[in-house]
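Peer 1: So you can see what is in the structure, the chains are spelled out below.
There are 2 protein chains.
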Amino acid sequence: MECRPSARPPRWDVLQSLARVMETPEKHLVSLLSDPSRLERFSLSGGGLFYDYSRQGVDDKVMVTLTELAGDLKLVARFQEMMAGATVNVTEKRAALHTAARRFEPGPVNVDGRDIMADIGRVRREVEDFCRKVENGEICGSTGKPFAHVVVVGIGGSYLGTEFVARALAARADKGITLHFLSNVDIDNFGAVVNAIDPEATLWIIISKSYTTAETMANARQAERYMADRGLDPSRHMAAVTSQGSPGDRTDRPLLGVFHMFDFIGGRYSVSSAVGALPLGLYLGYDRFEMFLRGAEAMDRHAAGSSARDNLPLVAALISVWNNTFLGYPAQAIIPYASPLAKLAPHIQQLNMESNGKSVTVDGVPLEIPAGPIIFGEPGTNAQHSFFQLAHQGRSFPIDFIGVIRPDHERFAETSRGVTNHQELWANLIAQPAALAAGSTDNDPARAFSGNRPSSTLILPDLSPESIGRLLAFYEAKTVFEAFVWDINPFDQFGVELGKRLAATVRDRMAARNRDLSAAMDDDADPWTRFYLEMLFTGKMP
Amino acid sequence: MECRPSARPPRWDVLQSLARVMETPEKHLVSLLSDPSRLERFSLSGGGLFYDYSRQGVDDKVMVTLTELAGDLKLVARFQEMMAGATVNVTEKRAALHTAARRFEPGPVNVDGRDIMADIGRVRREVEDFCRKVENGEICGSTGKPFAHVVVVGIGGSYLGTEFVARALAARADKGITLHFLSNVDIDNFGAVVNAIDPEATLWIIISKSYTTAETMANARQAERYMADRGLDPSRHMAAVTSQGSPGDRTDRPLLGVFHMFDFIGGRYSVSSAVGALPLGLYLGYDRFEMFLRGAEAMDRHAAGSSARDNLPLVAALISVWNNTFLGYPAQAIIPYASPLAKLAPHIQQLNMESNGKSVTVDGVPLEIPAGPIIFGEPGTNAQHSFFQLAHQGRSFPIDFIGVIRPDHERFAETSRGVTNHQELWANLIAQPAALAAGSTDNDPARAFSGNRPSSTLILPDLSPESIGRLLAFYEAKTVFEAFVWDINPFDQFGVELGKRLAATVRDRMAARNRDLSAAMDDDADPWTRFYLEMLFTGKMP
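Protein chains in written order, with the working numbering: chain A, 1 to 542; chain B, 1 to 542.
A portion of the hints provided could be inaccurate.
The list treats identical chains as one, so a pair stands whether inside a single copy or across any two.
Claimed, not checked - Straight-line C-alpha distance at most 20 Å; calculated EDC-like pairs for lysine to aspartate or glutamate:
{"hint": "1", "residue 1": "Lys133", "residue 2": "Glu200"}
{"hint": "2", "residue 1": "Lys540", "residue 2": "Glu410"}
{"hint": "3", "residue 1": "Lys343", "residue 2": "Asp462"}
{"hint": "4", "residue 1": "Lys500", "residue 2": "Asp444"}
Please keep in mind that the hints were generated in silico from the structure rather than gathered at the bench.
Could you put together the complete structure from these sequences and hints?
Peer 2: What follows is the structure, given as C-alpha cells:
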C-alpha cells in the first residue's frame, strides 16, 4: 500500500517491505511474545506515564526503521519549532501554540515578533480572578443567588475537551457547581439543560472563537430569551470566551466577563486555554485547573525533550502510522479501564480525526490513500460486553488499553471472588491484550481465536488533574507527530466547510418559508431539499 | 473481494462484478443523483419510519440483484420462522424470540412444544404490578421513603438498550424517578453512582441472566455492603432480573422481586423483555413502556410481512452487506440529528458488532473476510464539529443519518438567522448527505472534496415511545437480516469467552496475593502478567 506518490521519505519503501514480512505466520504475535525481554524492550516511561507497545505487530527491524524515519523527518526538532511559535499551520499561515497555554517556565514565545506569553498570562489571571469572585459570591446571579449551575454553550472544540476533563475529574468537583453542556443546536438539547437548572443560579458561558458559529449563536439567543422570559438580566448571567475583536468581544453589550482565545490555538487543541479554563476553573477550582495545565506541560516537555526512541507520544505516533499506512488498519479503538475517562474517546475522536483525516500533504499533493484512522471507544470492561466480539473474532483493529493504578474511590473495598472491584477491572485489563494477541485454537471453528490482534497499554498513576493533563498532552503530541510523518497539516479543517455552505443555502430557504409559508419558493431546489423541506414544514411523514 | 469460499449464494459473483462497476467514475454519486426520480425510487415507508437509500452507491442493477439474493435466501420467510420459534441460534441450539417479548396479538409461540407467551404475559403482569406498587408507595425503602432513585446494575446487553431508551424518552420521565447505571466493575463507577443517590430512597435492580456475571455480582456485593453500612435492609432495596433457577432466583434470599428473563432472548436483544421493562417501567411508567413495545411490534410485523423490496430493515441490511462485503467499507457511522438519541450508536454498536462480528458461517466454515462493520457515532450536528473532517476529506465510510420531524421541546421557538433551532438542525441534516455525495472542486487541493461518500437517511415522526420502539426493532431486524445473508449466527458470542477465561486466571493470582501478600506466587506467570500485577499491588509506576 502506497501513501505518497511524491516526496516520499527515504525509508517508506523499506517499511512497505517490512509490513509484508510482518504479515507472515512467523511474525504472529504469539511468536513475537515468546521473547521474554520483549516487554522491557518495547515499553517506555516518561512524562509521568508508562507506554507498553510490546503487543503491537512490530519487531526490532521495524522499530529501528521507524525511529530512523523519525530522525530523517526531524520530528522532535519540528515539535520544538511548533512550541517556539513557527508557522506550522501553513494553509492558514498561523502558529499552533496550544503548548503555550500551559507553559509556566519563564521566557517569551514570539509570534510575529510579539511575546504571546503576556496575553496568555493576562487571560489566566482574568479567569482566576473571575473564578474566585464566583466562588466567594462576589459575582452572582441577577436575583442575588450564588451560581450553582454553569452551562457551557459551545460545540466541537469548544466542548469535547472540557467535557472529557470535567468527567475525568468529577470526583474532585467540590465547588457546588454542576456543569452542563449545551453543544447541539437541537432544541431538545436546550430543553434537557433548562429542565436541569435553576435559572436564577445559572451562569451561561458562550464559547466561540468567531462568535458566529451557527449552533452556538442559536443557543445563546435561546438562552437570552429564556432568561428574559423569567425576568432575569442576561448580562448578569452570561460570560463569553471568544477572540479579540469578535462580535462577542463588545463593551457595549455588557457581559459578566469576556475572556480571550487566540487564533494560534485551534478549537480541538483549546482545552488548556480560556475555553477550558473558565468552565473547569469554576467547576474544579482554578488551582486544580492549573495542576491540570502543569501535567500537560510536563508531557509537552517530554515530547520536545526526548530522543525519538524514548519519546512516548512520538513512538505512539510511529506505531499509529505503521498500523494505519503500512499494515492497513482503518480504525483504532481507545479503551480506558476507568469510568471517569468515559469521554476520552469522543475527545480524541475529534482531536485525531479532525486533525489527521486528510487527503493532501501540506503542499497540496494528494496522498494515495488518506491519512488518519477512524477512532472510537468505550470504557472497559463495558466494551468487552459490547463490541469486543468483533475485536476477537471479526475484523481486527488496534486498541489503546488505558489503565489507572489508583482509583478515586478506594474506600469501597468489598471483595467478590476474592478481589476488589478495582482488581477485577485490572484482571480484565491484563487479560484482554493477552487474549487478543495470543488467540487460542479449538476444534469448533466458532470457538477458535486467530489472535495476532495488536494493542498498546498506557498506564496512569492516578486520576489526578496532573495525570489527566499528561494524558491529554500525550494524545495531542501523538496527533501532531503523526501529521508530521504523513506530511499533512493537523491544524486546518477545510473538510467541514462544504457542509456549512450547503446548510446556509437550506437555512435561507427555511427563513424565506418562515416569512411566507404560502410561497412555493423552492422550485429551483434539488429534489432532496424540496422533499425534506416539505416533510419538515408540513410535519408529515410521506 | 470474496467472502465465502463455499456455499456461496448464486448471485455473489454477479455482485462482485457489479461492485467493480460501481467504483468507476461513471457511477460517482454525482452522476447517479442527476436522475430526478432517484429519491422516489430508492426510498421506502413502512413500520412507521421512512428510509431513503438514494445516496448509497447502488443502481437499479445492484438493487435488483440484491433483492433477488434476498429471494434466493428466503430472508423474509426465515425472519417469520425466527418469530415463530425456530432454533435459529444453531450453535447454542436455541430460539431467538426477542420479537415475542413485544408480541400482543393473540395466539401461541411454541418453543419445544411449550407456548412461551404465557411466561411472557406473566412477567409483563408482574413487572406492571411492581411498577404500580412503587409508584403508589406500596413498595418503598426500608425506612419508609418512596423510591426516587433506581440503579440498574448490569453490563452489556443488560445495560445499553435500557440506557438508549431511557435517554431517548427522558423528556417523558415524570414518575419522580432518577435512573442510574452501574455497569462497569470500576469502583469509580460505583463511587459516582453512590455520590448521586439517597440510599434510603434507592432501589437497586440486579440484571444478569446467569446471575454469575463477574462485574454485576461484584457491584451487587458492593451495593449490599454499602446498604448494610448505612443500616438499610438490602432485601427491601433490591430486585433482580434473571433466569429461572439461577443463583439470583432464590426464595430463601428475600428480594423485593425477581423477574424472569429467558434463554431464548439474548442480552443485546433484551430491552423488550424484563431487562428493559422493570427499569423503564419504573422510570417512564409501565404504560409508556408498553407503547414502546407496541412500536417495536409494528416494525416486527413490517419486517415479517413485507416483500423484500418494500421491507425497510431488509433493504437496509442488503445495503449494509453491499457496503461491507462488496464495496469493502470496514466501518459504518450512525448519526442521529436528535440529542435524545445520543445513546443509539453505543447500543447499535453492541447489537450489531456482537451479533455480526464473526468469521465463520453457521456451519463453521471460515469466511474469507470477516463479516460485520465497526459501528460508531455521535449526534449531529456535534459530529460535524468533531470527526466529519475525516468523513468529508479522509477515509470514506457509509453513514446512517437519522432525523426526527417533531422535537420534544417545540415551545422554545426563538429564531436565529431567521430559523428555529430545530430548523437549523434540519438544515444540516439536509446539507450533510448532499455535501458528502456531491463533493466540490477547488483549485486549492486542500479545499477540494472528492464526494461519492454514501449515506442513508432514516426519518422518525417524533420521539414518542412508539417511534423509539420502531427504531430499535428496525436495527434489530436489520442486524438479523444481515446475518442471514452472511450465513452467520447473530445470536451467539463465543468471541468474548477467551478474555473471560484469562481474566479468571489473573483474578485467582490476585486473590492469592490478597490472602498472602508476601508470597511470590506468580513465578509461573508470563512476564506481562507478573509486571502488571506488581504495578497494581505496589501502586508504583515503573
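Peer 1: Decide, hint by hint, whether the structure agrees.
Peer 2: Evaluated hints:
1. Only within a single protomer do Lys133 and Glu200 lie at most 20 Å apart by alpha-carbon distance; the minimum there is 17 Å, versus 37 Å between protomers.
2. In this assembly of identical chains, the alpha carbons of Lys540 and Glu410 lie at most 20 Å apart only when taken from different copies (16 Å versus 54 Å within one copy).
3. For a Cα distance limit of 20 Å, the shortest separation of Lys343 from Asp462 inside one copy, 17 Å, qualifies, whereas the shortest one across copies, 28 Å, does not.
4. Within a single copy, Lys500 and Asp444 get their C-alpha atoms only as close as 52 Å, which misses the 20 Å cut-off; across copies the closest is 18 Å, which meets it.
The structure meets every hint from the earlier list without exception.
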